[in-house]
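So the protein lines, in turn, are chains A and B. Residue 0 is where the first sequence starts when you use numbering that gives the first Met the number 0, and the numbers rise one by one after that. Residue 0 is where the second sequence starts when you use numbering that gives the first Met the number 0, and the numbers rise one by one after that.
One should not assume that every hint holds.
Covered stretches of chain B, as calculated for chain A (at least 3 residues, CB under 8 Å) [unchecked claim]: (1) 118–124; (2) 138–146.
Restraint-style ranges between C-beta atoms, simulated for each label pair [unchecked claim]: (3) A:K423 x B:R108: 40 to 50 Å; (4) B:Q122 x A:R101: 30 to 40 Å; (5) B:Q109 x A:L129: 54 to 64 Å; (6) B:K111 x A:Q402: 37 to 47 Å; (7) B:K111 x A:T165: 17 to 27 Å; (8) A:Q80 x B:Q109: 49 to 59 Å; (9) A:V388 x B:K111: 43 to 53 Å; (10) B:N186 x A:W128: 46 to 56 Å.
Calculated from the structure, these hints are not laboratory results. Where a beta carbon is used, it is the ideal one built from N, C-alpha and C, also for glycine.
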Amino acid sequence: MKSTVTSTANSIKQQAHDALHRGLDRHVRLAVTGLRRAGKTAFITGLIEQLLHANEGAALGFFDVVREGRLVASQLTPSPQWQIPRFKYEQAIEALCGQPSRWPESTNSLSQIRLTLRYQPTGHWYSRWLSYRDLTLDIVDYPGEWLLDLPLLSLDYEAWSQQQSTLLERPEREQHAQAWLQSIRSELASEHSADESIRRIAEQYQLFLAACRDQSQLCFLQPGRMLMPGELAGAPALHFFPWPQQFSCPEHWQRLLVKRYQHYQQQVIKPFYQSYFSHFNRQVILVDLLDALQAGEQAFADRQEALAALLESFSYGENHWLRRLFSARIERVALVATKADQVPPNQHHALAELLRQLLLDKRRQWQFDNVPHEVFSVASLAATSAGEVDGQQVVQGVDENGQTRRVAPSALPQSTPMAQQWQKGFQYLRFAPNFSRQQIPLPHQRLDKVLQYLVGDKLT
Amino acid sequence: MSDEQEMLEFNPQQPMQEIDVEPEQETLVVAEEPLTAKQKSGRGRWLILGVGLLIAAILAESVLQIYQAWQSHWWLGALWLAAIVILVVVSGYWVIRECVLLYRLKHRRQLKRHDECTSDYAQALVKQLQRTDLLREWQRIDEDYWQPQERAERLQQDIMQNVDRDAQRVINKSASETAVLVAVSGNSLLDAVIMLWRNQRMISKVAALYGVELGYFSRIRLWRMILTNIAYAGVSELLTDAGSQLLSAELAAKLSMRAGQGLGAGLLTARLGYAARQLCRPLPVPKERRARLTDVQTSLLGALKNALPQVWRARSNADNSGK
Chain A
0 MKSTVTSTAN SIKQQAHDAL HRGLDRHVRL AVTGLRRAGK TAFITGLIEQ
50 LLHANEGAAL GFFDVVREGR LVASQLTPSP QWQIPRFKYE QAIEALCGQP
100 SRWPESTNSL SQIRLTLRYQ PTGHWYSRWL SYRDLTLDIV DYPGEWLLDL
150 PLLSLDYEAW SQQQSTLLER PEREQHAQAW LQSIRSELAS EHSADESIRR
200 IAEQYQLFLA ACRDQSQLCF LQPGRMLMPG ELAGAPALHF FPWPQQFSCP
250 EHWQRLLVKR YQHYQQQVIK PFYQSYFSHF NRQVILVDLL DALQAGEQAF
300 ADRQEALAAL LESFSYGENH WLRRLFSARI ERVALVATKA DQVPPNQHHA
350 LAELLRQLLL DKRRQWQFDN VPHEVFSVAS LAATSAGEVD GQQVVQGVDE
400 NGQTRRVAPS ALPQSTPMAQ QWQKGFQYLR FAPNFSRQQI PLPHQRLDKV
450 LQYLVGDKLT
Chain B
0 MSDEQEMLEF NPQQPMQEID VEPEQETLVV AEEPLTAKQK SGRGRWLILG
50 VGLLIAAILA ESVLQIYQAW QSHWWLGALW LAAIVILVVV SGYWVIRECV
100 LLYRLKHRRQ LKRHDECTSD YAQALVKQLQ RTDLLREWQR IDEDYWQPQE
150 RAERLQQDIM QNVDRDAQRV INKSASETAV LVAVSGNSLL DAVIMLWRNQ
200 RMISKVAALY GVELGYFSRI RLWRMILTNI AYAGVSELLT DAGSQLLSAE
250 LAAKLSMRAG QGLGAGLLTA RLGYAARQLC RPLPVPKERR ARLTDVQTSL
300 LGALKNALPQ VWRARSNADN SGK
C-alpha cells in the first residue's frame, strides 16, 4: 500500500516537473512522422546514438552545442508515461552491430524514449550563474500505418466511403479489389446476419489492403490498424470497411457500419491522437524518395497523397506559454529525405530538391503561416561510402547477400519525373548495414544539421 | 570540381544553378595588373635587354679578371674565384627565393566561390596554412558526403576561426602598441618611422599566420595590394564605420592631441591589418564575422588610458589651467 502511494506521488511529481518544463519551454516533443518503411526506427536510433556519443567522437560539426563544447552529456532517462513501452534502442544497436549486421526490425507497436541533454547555456543574462541546464527530448515511435488513421478524424463515414470509392477506380487498386467486391455481392445475396456478413467482408477488405501494400507498394491505405492491428487483432472494432458507391447499402448494415466507424474514430484514433500527437512542438517528416521512385509512378503519387492527407492532422504555428501547457502546436518542421547514403553525394542536392517539389503545396501553406521548415537529405545510419570511378561518383557498400557492391544508381530527377522517365524506371540498390562495435558511434550523414535545426535553438 | 560542373552543363534536366557570388569579392580585385602589362611592352623590353647585356659584360669581365689573376699568382686567382662563386650562389639563392615567394603570393589558392570547395581543394587550402595541427584536425572532420557549401562552412568555422583568432590578437596588439608609441613620441618623423616599423612587422605576422611567407618583392607587392585595397575598395567599410569615425573625431577632440594622434595611428594600423588578413585568407571573411573598427577603437582607448594616464588627462588639465 505504502509503496503504491509513494510511486503515485513520484509519478505526480514527475508529471508536475514535466508540466513546469513544458511551460518554461525546456521540453521538446519530437514528432517523428513518416509512412511505412520511411526509416523512422533508423532515424530515432541514429539520433539517440549521436546524442549519447556526442562527446566521444561523434561527427556533429553542424550541431553548435557540440562544436562549441557546451554539451555536458546526454542521457536516456525514464519516461513518466509508464504504460508505454520504451523504444528498443539497445536492441536496434545490437542488431546493427551483430553478426551478421542487419537493420533493426520495423515497428509494430507504439514506443517512447526520453533523452535529457545537459548543456552549458550561453548568451543569456542568467548563463553566468548557471553551470548547466537540462533539455528534455521525447521521441515517440509508432507504425507508419497508424498515422494514416489521423485523417479519418475529420471525415464521417459517408465522406470516407466516397473518397475510398474514388480511389478504387484507379487500376492499381482495382486489380486487387475483385475478391472483396465479390464477397460483398455474395453476402448481399446470402442469409447471414448483418454482423456475420460484415465481418466476412471486412476480412476480405483486410486482404485487399494487404495486397495493395505488398504487391503495388501503396501507402494510402485506411484504416491503418487493419494492416498493423497491434492489440486490436480480430476485434470487432476493426470489422468495418468503406462502402463502395456502386452498390446500394441495406439500412441495417449501414447503421452497423457507421457505428463501428464512429467507435473506431472515438475509441481507437482519438486516444492515440490525444495522448501522443497533440503535444508535439517539433516535427520531422521522413520520406523515402528512393523507394517511392523505384516503386513506380502510381506508388509515387500515392505517397504524395498520403503525406498531404496526414499532414493535415497536425496543427502548426507559434506557441505561447499557455498553449505550450495545454495544446502545443508544431513550431518547426524538418523535411528529411532519408537513406541518402544510397546515392552518391553529388545527388544529395537533387534528393532534397525532389522532396521540396513533393511537398510543394504544404510548404506553400507553411510559408504563408510563417512556420519555419527546411529540407535535408539525410542518412541516419550511413551504410555506404562514396567513391569515384572514371570521373563518375559511385557508392560502395554491402548488399543483402554480404557481397561488396559498387554502384552508380540512376540519376535523380529534380522535380516530379516525366512519363518517359517513369518508363525508363529508377533503380536503387538497397544496401545492408555492415557495422561493428568498433564503429560506435555509427556513421551518419547530415544528422547534425537536422539536430541543429530541430533543437539547436533550445540549447543556447 | 570540374567533374561536377561538367555534369551540370551536360544534364539538360537540371535547372539553372544559383551561383553564390559574394558581392564582397569585388573588394579584393586589385587594379594594377593591366598597368604593368602595358609598361612591359615598351620600355620594359629595352630595360631587360640592357640589364642582360650588363650581366653578360660583368660575367665576361670577371672571367677575364680571374684569368689574369691566375696568371700572376694562383692563390690570387683562387681567392677571386671563391669570392665570385660565393656572391653568385648567394644572390642566385636570393633571386630564386624571391621568385618562388612572389610566385606563391600571386598563385596562392583562394576560394572564390563556395561551390568549388571539393574535398581535395579544401585539403590544399588547409595545407597552405602550414599548420600541421589544423591539417590533422581537418582530415579528422572532413566527410566525403558534404556538399561544397557545407564543406566551406566547416572550413570557416572549424579551421579558419582558429587562425582568425590569432590574427585578431596580432592586429589588436600591434594597433594598441602603435597607438601608445605614437602618443608618446611627439615627433612627426619618429611617428612615421614607428608606423612603418610596427605595421611592417604586423603584416608579416598576419601573412605568416595564413601561411604566406614574405620576401622582399612579395612584401612590396602585398603592401601595394593592401594600400590599393584600402584606397579603392574600402569605401563600403568607410561608410559603415563613418558613424564611429565621427564619434572618434569628437572623442579625439576631447583627448589630448597626442592621444588623438595615437588613436588615429592605431586605427590605421588595424585597418592595414584587416586588409592584410583579407588578402591572405584563403576564404573570404564572412559578413557577420567581419571585424569593425569600432571594436578596435574601444580596446585602443582602453590601452591608451591604461598605459598613459598623464597623456590622456593632459588636455583636460590644460583646459582647466587655461580657465
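Status of each hint after checking the structure:
1. A stretch counts as covered by a chain when three or more of its residues have a beta carbon under 8 Å from one of that chain; for the region 118–124 of chain B and chain A the count is 0, and the coverage is violated.
2. Figure legend: the region 138–146 of chain B, annotated as covered by chain A; annotation consistent (6 residues with Cβ-Cβ distances under 8 Å, at least 3 required).
3. Here the CB-CB span from K423 (chain A) to R108 (chain B) is close to 41 Å, well matched to the stated 40 to 50 Å.
4. As the Cβ distance of Q122 (chain B) to R101 (chain A) is approximately 36 Å, the hint placing it in 30 to 40 Å holds.
5. Distance hint check: the CB atoms of Q109 (chain B) and L129 (chain A) are about 42 Å apart, inconsistent with the given range 54 to 64 Å.
6. Range check, K111 (chain B) to Q402 (chain A): about 43 Å between beta-carbon atoms, so the 37 to 47 Å window is met.
7. Checked against the hint of 17 to 27 Å, the C-beta distance between K111 (chain B) and T165 (chain A) comes to roughly 55 Å, which is inconsistent with it.
8. Judged by the Cβ atoms, the range 49 to 59 Å given for Q80 (chain A) and Q109 (chain B) holds: they are separated by roughly 56 Å.
9. Against the hinted window of 43 to 53 Å, the Cβ-Cβ separation of V388 (chain A) and K111 (chain B) comes to about 29 Å, which falls outside the hint.
10. In this structure the supplied range 46 to 56 Å holds for N186 (chain B) paired with W128 (chain A), their Cβ-Cβ distance being about 51 Å.
Hint check: violations occur at hints 1, 5, 7, 9; the rest are consistent with the structure.
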